[in-house]
Amino acid sequence: MTTPEAAPMLAIRDLRVSFPTDDGVVHAVNGMDLTLARGETVGIVGESGSGKTVTSQALMGLLKGTSATVTGQILLDGQDLNALTEAQMRAHRGTKIAMIFQDPLSAMHPFYPVGVQIAEAYRVHNDVSRKAAAQVAIDMLGRVGIPDPSRRYSAYPHEFSGGMRQRAMIAMALVCEPELLIADEPTTALDVTVQAQILDLLGELQEETGASVILVTHDLGVVAEVCHQVVVMYGGECVEQATVADLFSDPRHPYTQGLLASMPSLARRSERLNPIPGFPPSLLALPDGCLFADRCPKTHLVPDNACGTRRPTLIGPDGHPSRCHLEILQPTGDVVR
Amino acid sequence: MTPLLQVTDLTKHFPIRSRAFRSAGGVIKAVDGVSFSVDAGQTLGLVGESGCGKSTTGRLLMRLLAPTSGSIQLGGREIAELRRSDLQEYRRRVQMVFQNPSSSLNPRQSVGSAIAAPLLAQRVTPAGGVKAKVRDLMDRVGLRPDHYNRFPHEFSGGQKQRVGIARALALDPQLIICDEPVSALDVSVQAQVINLLEDIQRDTGVAYLFIAHDLSVVQHFADRIAVMYLGKIMEYGDTARVFGAPEHPYTQALLSAVPQPDPAADRSGRIRLSGDLPSPADPPRGCVFRSRCPVHPRLDPQRRQLCNDSVPSGDIACHHTDVAAEALATTTR
Numbered sequence: 001m002t003t004p005e006a007a008p009m010l011a012i013r014d015l016r017v018s019f020p021t022d023d024g025v026v027h028a029v030n031g032m033d034l035t036l037a038r039g040e041t042v043g044i045v046g047e048s049g050s051g052k053t054v055t056s057q058a059l060m061g062l063l064k065g066t067s068a069t070v071t072g073q074i075l076l077d078g079q080d081l082n083a084l085t086e087a088q089m090r091a092h093r094g095t096k097i098a099m100i101f102q103d104p105l106s107a108m109h110p111f112y113p114v115g116v117q118i119a120e121a122y123r124v125h126n127d128v129s130r131k132a133a134a135q136v137a138i139d140m141l142g143r144v145g146i147p148d149p150s151r152r153y154s155a156y157p158h159e160f161s162g163g164m165r166q167r168a169m170i171a172m173a174l175v176c177e178p179e180l181l182i183a184d185e186p187t188t189a190l191d192v193t194v195q196a197q198i199l200d201l202l203g204e205l206q207e208e209t210g211a212s213v214i215l216v217t218h219d220l221g222v223v224a225e226v227c228h229q230v231v232v233m234y235g236g237e238c239v240e241q242a243t244v245a246d247l248f249s250d251p252r253h254p255y256t257q258g259l260l261a262s263m264p265s266l267a268r269r270s271e272r273l274n275p276i277p278g279f280p281p282s283l284l285a286l287p288d289g290c291l292f293a294d295r296c297p298k299t300h301l302v303p304d305n306a307c308g309t310r311r312p313t314l315i316g317p318d319g320h321p322s323r324c325h326l327e328i329l330q331p332t333g334d335v336v337r
Numbered sequence: 001m002t003p004l005l006q007v008t009d010l011t012k013h014f015p016i017r018s019r020a021f022r023s024a025g026g027v028i029k030a031v032d033g034v035s036f037s038v039d040a041g042q043t044l045g046l047v048g049e050s051g052c053g054k055s056t057t058g059r060l061l062m063r064l065l066a067p068t069s070g071s072i073q074l075g076g077r078e079i080a081e082l083r084r085s086d087l088q089e090y091r092r093r094v095q096m097v098f099q100n101p102s103s104s105l106n107p108r109q110s111v112g113s114a115i116a117a118p119l120l121a122q123r124v125t126p127a128g129g130v131k132a133k134v135r136d137l138m139d140r141v142g143l144r145p146d147h148y149n150r151f152p153h154e155f156s157g158g159q160k161q162r163v164g165i166a167r168a169l170a171l172d173p174q175l176i177i178c179d180e181p182v183s184a185l186d187v188s189v190q191a192q193v194i195n196l197l198e199d200i201q202r203d204t205g206v207a208y209l210f211i212a213h214d215l216s217v218v219q220h221f222a223d224r225i226a227v228m229y230l231g232k233i234m235e236y237g238d239t240a241r242v243f244g245a246p247e248h249p250y251t252q253a254l255l256s257a258v259p260q261p262d263p264a265a266d267r268s269g270r271i272r273l274s275g276d277l278p279s280p281a282d283p284p285r286g287c288v289f290r291s292r293c294p295v296h297p298r299l300d301p302q303r304r305q306l307c308n309d310s311v312p313s314g315d316i317a318c319h320h321t322d323v324a325a326e327a328l329a330t331t332t333r
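Residue numbers (the working numbering), protein chains in the order written: chain A, 1 to 337; chain B, 1 to 333.
If you're looking for bench data, these hints aren't it; they were derived computationally from the structure. Only a predicted model underlies this, so the values are computations on that prediction, with no experimental measurement involved. Careful, some of the hints might be misleading.
So the derived label-pair ranges between C-beta atoms look like this [what the hints assert, rightly or not]:
{"#": "1", "chain 1": "B", "residue 1": "Ala264", "chain 2": "A", "residue 2": "Ser106", "range": "35 to 41 Å"}
{"#": "2", "chain 1": "B", "residue 1": "Ala40", "chain 2": "A", "residue 2": "Arg13", "range": "58 to 64 Å"}
{"#": "3", "chain 1": "A", "residue 1": "Thr21", "chain 2": "B", "residue 2": "Tyr90", "range": "42 to 48 Å"}
{"#": "4", "chain 1": "B", "residue 1": "Ala40", "chain 2": "A", "residue 2": "Pro277", "range": "28 to 34 Å"}
{"#": "5", "chain 1": "A", "residue 1": "Ala261", "chain 2": "B", "residue 2": "Val311", "range": "40 to 46 Å"}
{"#": "6", "chain 1": "A", "residue 1": "Ala261", "chain 2": "B", "residue 2": "Leu65", "range": "38 to 44 Å"}
{"#": "7", "chain 1": "A", "residue 1": "Asp139", "chain 2": "B", "residue 2": "Arg241", "range": "46 to 52 Å"}
Footprint (simulated), chain B over chain A, 3 or more residues, beta carbon under 8 Å [said to hold, decoys possible]:
{"#": "8", "stretch": "158-165"}
{"#": "9", "stretch": "190-197"}
{"#": "10", "stretch": "219-232"}
{"#": "11", "stretch": "254-266"}
By construction, the Cβ of each residue, glycine as well, lies at the ideal position given by its N, Cα and C atoms.
So here's chain A without its partners, still in its complex pose (with noise of 0.2 Å):
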């Protein structure tokens, strides 16, 4: 592991996103904040609906030109990307910002060699021949572990197996050397053994590199392995920052509490799962209240039934903060258990 600057490279401030849908407004994000230094991997953790897809194409810029309404800021160095144009944006993806999709296949072009693909990722921001990107797509590919690369490049998607297509997909995001780079989901369709290669080739790579990485997930077992920082998404808001040891060890919000209890562990065979009760709450009407309240067994320790009226903010110590009422109640961090 690099050891992170203090220098925040990627800020993202109070970012919301919703979309105008027939049945009404979708609010997808709900203030979303993130701070990513040098080098580090941060991981994005939230079930289905929590809004961390959406986030990262928020980062990638992809909303724009959509009817979506995007708000807050992002800035990478010091720049707001939420305030480019799309012209302005695509000079930045692939050399400052990349990202790798959870399904290589729908996300590579089935009609063009894999080799091809990247390099015209290169050539985008290069201006070099074809022959030479070609070569460079090639060295790129034989350092994502691809066996005989120079005969490779000129595979299609479907010839390659699925964990061949994504070590592709970080070759093609790779390419350009970016200094953040998005990984949506990135092994979730990879059965546990190539989970384990592809986890260890974004490592080395990221070593090497130098780059940030922003890791989205839905797998705290991922989590636990490669990343030193994790957000909590719950209902499209941020619930929770920590460090990797710090959320596991004390995770203080009562949903990172809920969704460490309710997983299954090789580690710890319990008898019976404590599953969280009840359903995230939708995202076309969102409670005022905590969007957790209707399925949190804490609420009753806060008086004024404050969780049902009140949206909490992301307070307490200091890179440590979580979204709960409890925090006002217990500022010295003894969160009632």
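Chain A is fixed; fit chain B onto it per the hints.
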């Protein structure tokens, strides 16, 4: 006591018709000589990576596919050769829960009538009528009575899977084949469904064949486990033994690849498998795992030859478990 379900040498070969694969020799051995048993009221976990044949095995047991060879006995009765007309009675005793509740429910059929469908198909008239039975089933899986006339799109993934479970329970089967029943669900909801399945087993004594790729879920749930790789069972035994002291190198690698939700966990002893799953159309000769086996390259030539020449059999399908144990001891030291 004879087991409820006894599967012996079950094999399913799919002929290859496409031209591109002609050189491969003609068949994909999706399931190749698989044997296991499930006792009444117990759970067998069938685990393995994609393409290992676990879902095909489930479909064979349900007789959605006809086996190429081998025997499936339920309560002592051979069902591998049953004709269509006799399957009706068999399916009353064996039911299935599918992975994706969204695609296994008819979007234009109300939830109540989806749960009633097996009763009507089997012409079963429960005491008190079909509607009362359906409401009882809905209550048992945690759905409200007013959900009866709703349609699948009005439900969340977890609720839809509850409908799938209620439907499988409708005929009071002895065995339910659960094919990745919780893989499509979020963790917090997944735990709800696992607890529900456990409660049902405790109350009704139904046996489960639980097909999953998530090892921690299977460990929590299963009494016995069969680990599959390329159509064959690599390791078969009690859950506690297989997870506590895995003997097959593949089981060892599979277990050590599972990411642990504990940042302080010791990861130094991790076994990394190189490469991908070989094509099931052209599996390695001899031991199918040898192309990725971490133990194989460390063997002396004579023993290595054994892996190439002969197919290992038994509950731990490995020729060299002694070396595997030694190798594991040195890597985890």
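Hint by hint, work out which the structure violates, then give me just those numbers in ascending order.
-> none
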